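Using the sequences provided together with the hints, build the complete structure.
In the order they appear, the protein sequences are chains A and B.
In terms of this note's numbering, the first sequence opens at residue 55 and continues consecutively.
In terms of this note's numbering, the second sequence opens at residue -13 and continues consecutively.
No lab work stands behind these hints, which were simulated from the structure alone.
Predicted model, so just to flag it, every value in this text is computed and none were measured.
Here a beta-carbon is modelled for each residue, glycine too, at the ideal position from N, C-alpha and C.
Watch out, some of these pointers could steer you wrong.
Distance condition first, Cα-Cα at most 20 Å in a straight line; then the derived DMTMM-like pairs of lysine to aspartate or glutamate [said to hold, decoys possible]:
(1) B:K4 <-> B:E14
(2) A:K149 <-> A:E215
(3) A:K239 <-> A:E224
(4) A:K138 <-> A:E168
(5) A:K138 <-> B:E177
(6) A:K149 <-> B:E177
(7) A:K149 <-> A:D112
(8) A:K138 <-> A:D65
(9) A:K97 <-> A:D74
(10) A:K100 <-> A:D112
(11) B:K39 <-> B:E53
(12) B:K4 <-> A:D74
(13) A:K149 <-> A:E189
(14) A:K149 <-> B:E150
(15) A:K100 <-> B:E74
(16) A:K138 <-> B:E169
(17) A:K239 <-> A:E257
(18) A:K100 <-> B:D78
(19) A:K100 <-> A:D74
(20) A:K149 <-> A:E136
(21) B:K4 <-> A:E77
(22) B:K41 <-> B:D55
(23) A:K239 <-> A:D206
(24) A:K97 <-> A:D112
(25) A:K239 <-> A:D225
(26) A:K100 <-> A:E136
(27) A:K97 <-> A:E136
(28) B:K39 <-> B:D55
(29) A:K149 <-> B:E106
(30) A:K100 <-> B:E103
Which bits of chain B does chain A cover? Going by a derived footprint, with three or more residues having C-beta under 8 Å, they are [unchecked claim]:
(31) -10 to -2
(32) 100 to 109
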Amino acid sequence: MYDTVMALIADQAVVLAKVDYSETSQVIVFFTREHGKVRAIAKGIKRGTKKRFAVGIDLLDVGHVVVSSRRERGAALATVTEWKQTTANAGLREKLFRIYGAQYVVEITASLTEDWDPHIELFNALMATLRQLCEVSEPLTSVVRFQLALLDSIGSLPRFESCVQCSRREDLLVFSSFEGGMVCKHCEPGQVEKRHVSPATLERLWDLHSAAEGAPPQATAPHTGLDPTVDVSDAGTGSHASGRPGRASSNPKVQSEYVGPFDLLDYHISHLMGRAPRMASKLVSVQVRRRAGGG
Amino acid sequence: MSGETIQSLAHLKEQFQKLPGIGPRSAERLAFHVLREPREYAAQLARAIIDVKDKVIHCTTCYNLTERDPCPICSNHNRDQGEIWVVEQPNDVMTLESSGLIHGVYHVLMGHLAPLEGVEPENLTLDALVDRVRAGGVREVVLALNPTLDGDGTALHIQSLLGELDVTITRPARGLAVGSQIEYATAGMLESAIRGRAPM
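Below, the structure written as structure tokens:
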């Protein structure tokens, strides 16, 4: 039976997306702390005369939302009855790369989470990432940490420390999104979808992953079987859906310790999403311009 | 009652229903209104619709809507050609003009950057703006874009495009709205107002 009782739900929320619904209304996608992703229609929000919405709801806004929903876990669109912005995160709007970093983060969150499926740790990670991005001079550090937090939260964190096929910790050579982690050089010939990973990228990912889990960095770092001083390009060798090669990492000017991990995790995220995140290329290109002396 | 459909009336209702914000009942009301009025009224309405399609063009300098090119603002020698107000839409020009305070000229971007929605720089009139500034004689570019995330992103993109040129880039003040109450201000409004406070 369909439950027709309307429930009022109040929660902290971040605005992941907004789409025009009519001349005066918008559908807002919130990521809430206790209720996960919630889609709700904000009636009359574009008219600007509704006291309950004050000056509208913008992308990346953080605040307190009240929605009325026919069923808490139903598929029906909820209705926004109240919204109060609580954090401005004004620092985001001072630099283009901060905006792009934040937009990338909300794009992948919106795409890889389900409606009404709460992820409190992910919500906290998102809030922390937005706060960090307000002040950073380089966005990839925060973005890569968030990529890992998101993948961990949705149960799709790849295995970096050993081969997903034979569990060998040595000679790790390629990454397979389909297999869900690293593949050693002995198992690599059987892989169709794969991407070479440089030792530097793998070690950086291992450090980040260990740090996130509280383990001492590099305490049990895997052996790649390659000379770590040689920078192997992270160029794709398989049939990546987006067809993107190892973008920024092929340019020595934009080598950064986080470009490789970002690119690899974005490759995995692209597979999960079924398309490349729109903001990925923007984020990398704005990095390129900054390092070249622009923007 | 007969189920006969009056084709011409149904067609008019169908056309009205395509207008934004018009539902079936409003479309029906409008169609009957046209039917009740004299023939001359219908002719004037039809002419006005055709005229707006035939005569209104974009100014090739500022991209504002106009019936002659260049538009009256761009061709007015009393306007300060060294001060360009960059706005998102032609409606914004009308709003700013109604203040009576702007003596410069405009540049209409025809939107804002929205990478998540696929709106890229090539979809806007950014190249024309850079060309205008590069041609010389421009002292100040005022980025009067909506204070949304996309508006701010567009402003930062323009700043990076014009960064190397000898021009001052400014934007209108932001923060508390005149006539509002601090009690009802959002966190964003307050932060902008506090950071951007001015001496008095």
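**OP:** Of all the hints given earlier, name the ones this structure violates by number, lowest first.
**Re:** 2, 4, 20, 23 and 31
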